[in-house]
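Novice: Chain Z is fixed; fit chain P onto it per the hints.
Line by line, the protein sequences are chains Z and P.
1 is the number of the first residue of the first sequence in this note's numbering; add one for each residue after it.
1001 is the number of the first residue of the second sequence in this note's numbering; add one for each residue after it.
There may be inaccurate statements among the hints.
Simulated pairs of lysine to aspartate or glutamate, EDC-like, Cα-Cα distance not exceeding 20 Å [said to hold, decoys possible]:
1) P:LYS1429 <-> P:GLU1418
2) Z:LYS3 <-> P:GLU1027
3) P:LYS1400 <-> P:ASP1412
4) Z:LYS3 <-> P:ASP1024
5) P:LYS1011 <-> P:GLU1330
6) P:LYS1014 <-> P:ASP1335
In case anyone wonders, no lab produced these hints; they're calculated from the structure.
The primary structure of each chain is shown beneath.
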Amino acid sequence: MRKSTQALMGTASLIAVVTGFQVGANANPTGGFTAIPTTPTTDPTPTVDPTTPAPTDTSTPTTDPTTKPTPTKTPTKTPTPKPTKKPTPPPSSTVSHTSSAVHYRYGTVQLTVTKTGSTITDINLDQAGATSGRAASFPYLVQLAISAQSASFDTSMLSGATYSVDAFMTAFSDALAQF
Amino acid sequence: MLVEPSQFKPKGYKTIKRLQSKQDLIEAIGWGSLIWVTLTFLLDGGANALVDLSSALNAVNRLSALLATNLLLIQVLLIARVPWLDRLYGHDRATLTHKKLGKPVLYLVVLHFVTVIWSYSISDSLNVIDETLSLINSVSDYLLATISFVLMILVVVTSLNLARKRLPYEAWYLIHLFAYGSVMLAIPHQINLGSDIAGKPLAQAFWIGAYLFVALNILWFRLLQPIVFSGFSGLKVSKTFAEASDATSIYLTGRNLKRFNAQAGQFFIVRVITWKQWWRAHPFSLSAAPTNNTLRFTIGNRGDDTAALQNIKLGTRVIVEGPYGVFTEERRTQDHVVLVAAGIGAPPIRALAESIAARPGEATIIYRVRNSNDAALIAELKEIAKRRGFFIHILEGSRKHPQSWFPAGVNDQFPDHERLQALVPNISKSDVFICGPSAFTKAVERSLTKVGTPLNHIHAEEFAW
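Chain Z with its partners taken away, still in its complex shape (with noise of 0.2 Å):
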C-alpha cells in the first residue's frame, strides 16, 4: 500500500473501531438465538421467514439474556409458560411423566408432559437452562410441540439454537416415551 493509501485505512478503521466501541456498549450482547414472533393461538405453524431478523419481541417471556453473557450450566429457571388455554375438563383421566435431565452445552433441560386421554395438554419446563438467549427458544419448542401433538415437528425457524432444540427434543421424547 501506498503511504496515502495507508494512512486513510488507517483513519478510517480507527474511527470504525471507535464508533462501533462506542455503539457497542450500549447494545445488549446477544446471544444466538433470534426470537420469531409466532401467534400461536391462530397459526399453529409459524410461517415468518426466520432469515430476517426479527424486531426485539417484548412479550416473549424469556430469561433476560443481557445478564447472561457467559455460558453458564447453572440451569436457570425459566418463568414456566403455561398453555393459555386450559383443557376442557377431562374426560379421561390425566397423567404426567418427566424426563430425565439432559445436559447439554449451554445447560440442562427437563420437563414434564401432561396428557389428557391421548392429547398432551401441557409441557412444564422444569428446567430449561441456555445461556446467550438461547433460552428464548423454549417458549416456541413447548408451543410448536403441543400443536404438533409429537416429537416430530419443523424447528427450522428457530435459528441459532440448535443445541438448545436437540436437548429439549431430546427430553421431550424421554417423556413421551414414558407414556
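Specialist: Just chain P now, kept in the frame of chain Z:
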C-alpha cells in the same frame, strides 16, 4: 523460427501508478474485512459487560476467532495462485505474505482455543481438562473443531524453517494439504455455535460468502481450469531435447493455446500424467514465447525427478496450471531494456528476448555462464540478438571475488557496477530483467543501485520453492 515482436509500448510510470492503485484496492478490501468483523463484534456489544474474568476471556475468544478465520481465508487465497492476485503481486510475493501470516494465524487460533476452554471452565466450575472433554463429548461440532485445531498446529509447525529443512518436500506437502481439512472442519462450529455468527443472518451471509468465494477460486483456478484447459487443448509432450549437460527442453503441443493467455517470462506448474508422476507438479519456465500451438519449457537437471522427465515418453498427456508470474513485459516502463540471465535463469530471458518490443539497439542481453560450450540456449540467444539487432554480452568464466557477479579477466580491477556501466551505457534509464540464482540476482541489484537505476525499473522473480 521466432515469433513476431510484441506491440507493447512502454508507458512510463503510468504502468506503475495503475498497478499500485489496483494493489491498494485489493489490500484495502483485505484490511477492510478485518475491520468489518471487528466492527460487527463491537456493535453487538462484544466488548461490553466484561464484568469478570470469564466474560473477558469470552470476548477475547470471540474476537480472536473472527480475526483468525478472516486472516486464514486471506492466507488460503494468497497461496491459491489465483490469476487476479498473481498478476498484481507475482507468485513470490504472494507466497511470502502467505508464509508471514502463518504464525499470526496460529497464535490467534491458539488464543481462541485457550480462552474458550478457560472461560467455559470458569463458568461451568470445571477444571480445564474436564471442560475440554465435556465440550468434545457433548457437541460433535466441537470435536471437529478440535481436530481442526490439531491439524492447524501440525501444518504450521512443519512449515517452520527449522522443520522445513529437515522434512522431504513430499512429506511437508502432504502434511500441508491437511490445511484444507483444518479449514473445513472448523466451519460447523462457527456457523452453528459461533456467538457472532449463529442466528445472525448478516454475519452468516458474510462468512458463508467469504468461504464460498475462496473455495470457488481454489476449485476453479487450481483444480478445474487446468484440467479443462489442458484437456480441451489436448496438451501432449511432443519433443524433449538436451540443451546442455544440465538443461533439458520439453515441447508441449496442443490446440488453441491462446486460451491460457501466457506471456514470455512466465511459468507454468506442469503435471505429467503418468502413474509415477501425476501427483507431483513442477514449476517450469517458458523458454520461448508461447504460440497458439506450442509451449516450450527448459528445465535444469537437478533435484528430485526433473532428470526423469528427460526420458519422458512422447505423446504423454500433460496438465498445466498457470501461467504465473509478473516477470513480463507488462511491467516495463522504459524504451530501453536489459535482460540479464545466469545459468538456469536463461529460459525466461530467452523467451522475453524473442518477443520483446524493441528496435535494434534498444535491448541488451547479458548472459553469465560458467562455460559457453555448455550453456543452455546460448546459440538461440545469439541468434535472436543477431536478427533483432540487440547487443549481447556473454560473461564467461569464474569470479574473481565471491561477491562479484562478473567473471575474472579483462577489466577485473574495476568494480562490478563500473563494468556494467561500461557494457550498457544507458543502464540507469533502462528496465532490467534479472533471472538467476538469488545470490546472483542480489549482486546485480546492488550494482544497479550503484549506477542509479531506480528500483521500479528492476524486475526479478525468485523461484524459491
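Novice: Could you run down the list of hints and mark each one as holding or not?
Specialist: To see whether the hints hold, each was checked on the structure:
1. Among the hinted pairs, LYS1429 (chain P) with GLU1418 (chain P) is consistent with the structure: their alpha-carbon atoms are about 15 Å apart, no more than 20 Å.
2. Of the supplied pair hints, the one linking LYS3 (chain Z) and GLU1027 (chain P) holds, its CA atoms being roughly 13 Å apart against a limit of 20 Å.
3. At most 20 Å may separate the alpha-carbon atoms for a hinted pair to count; LYS1400 (chain P) and ASP1412 (chain P) meet this at roughly 7 Å.
4. A threshold of 20 Å between alpha carbons decides the hint, and for LYS3 (chain Z) with ASP1024 (chain P) the separation of about 10 Å falls inside it, so the pair holds.
5. Simply put, LYS1011 (chain P) and GLU1330 (chain P) have alpha-carbon atoms about 10 Å apart, close enough for the 20 Å limit, and the pair holds.
6. As the CA atoms of LYS1014 (chain P) and ASP1335 (chain P) are separated by approximately 14 Å, the hinted pair is consistent with the 20 Å bound.
When the structure is compared with the earlier hints, no violation turns up for any of them.
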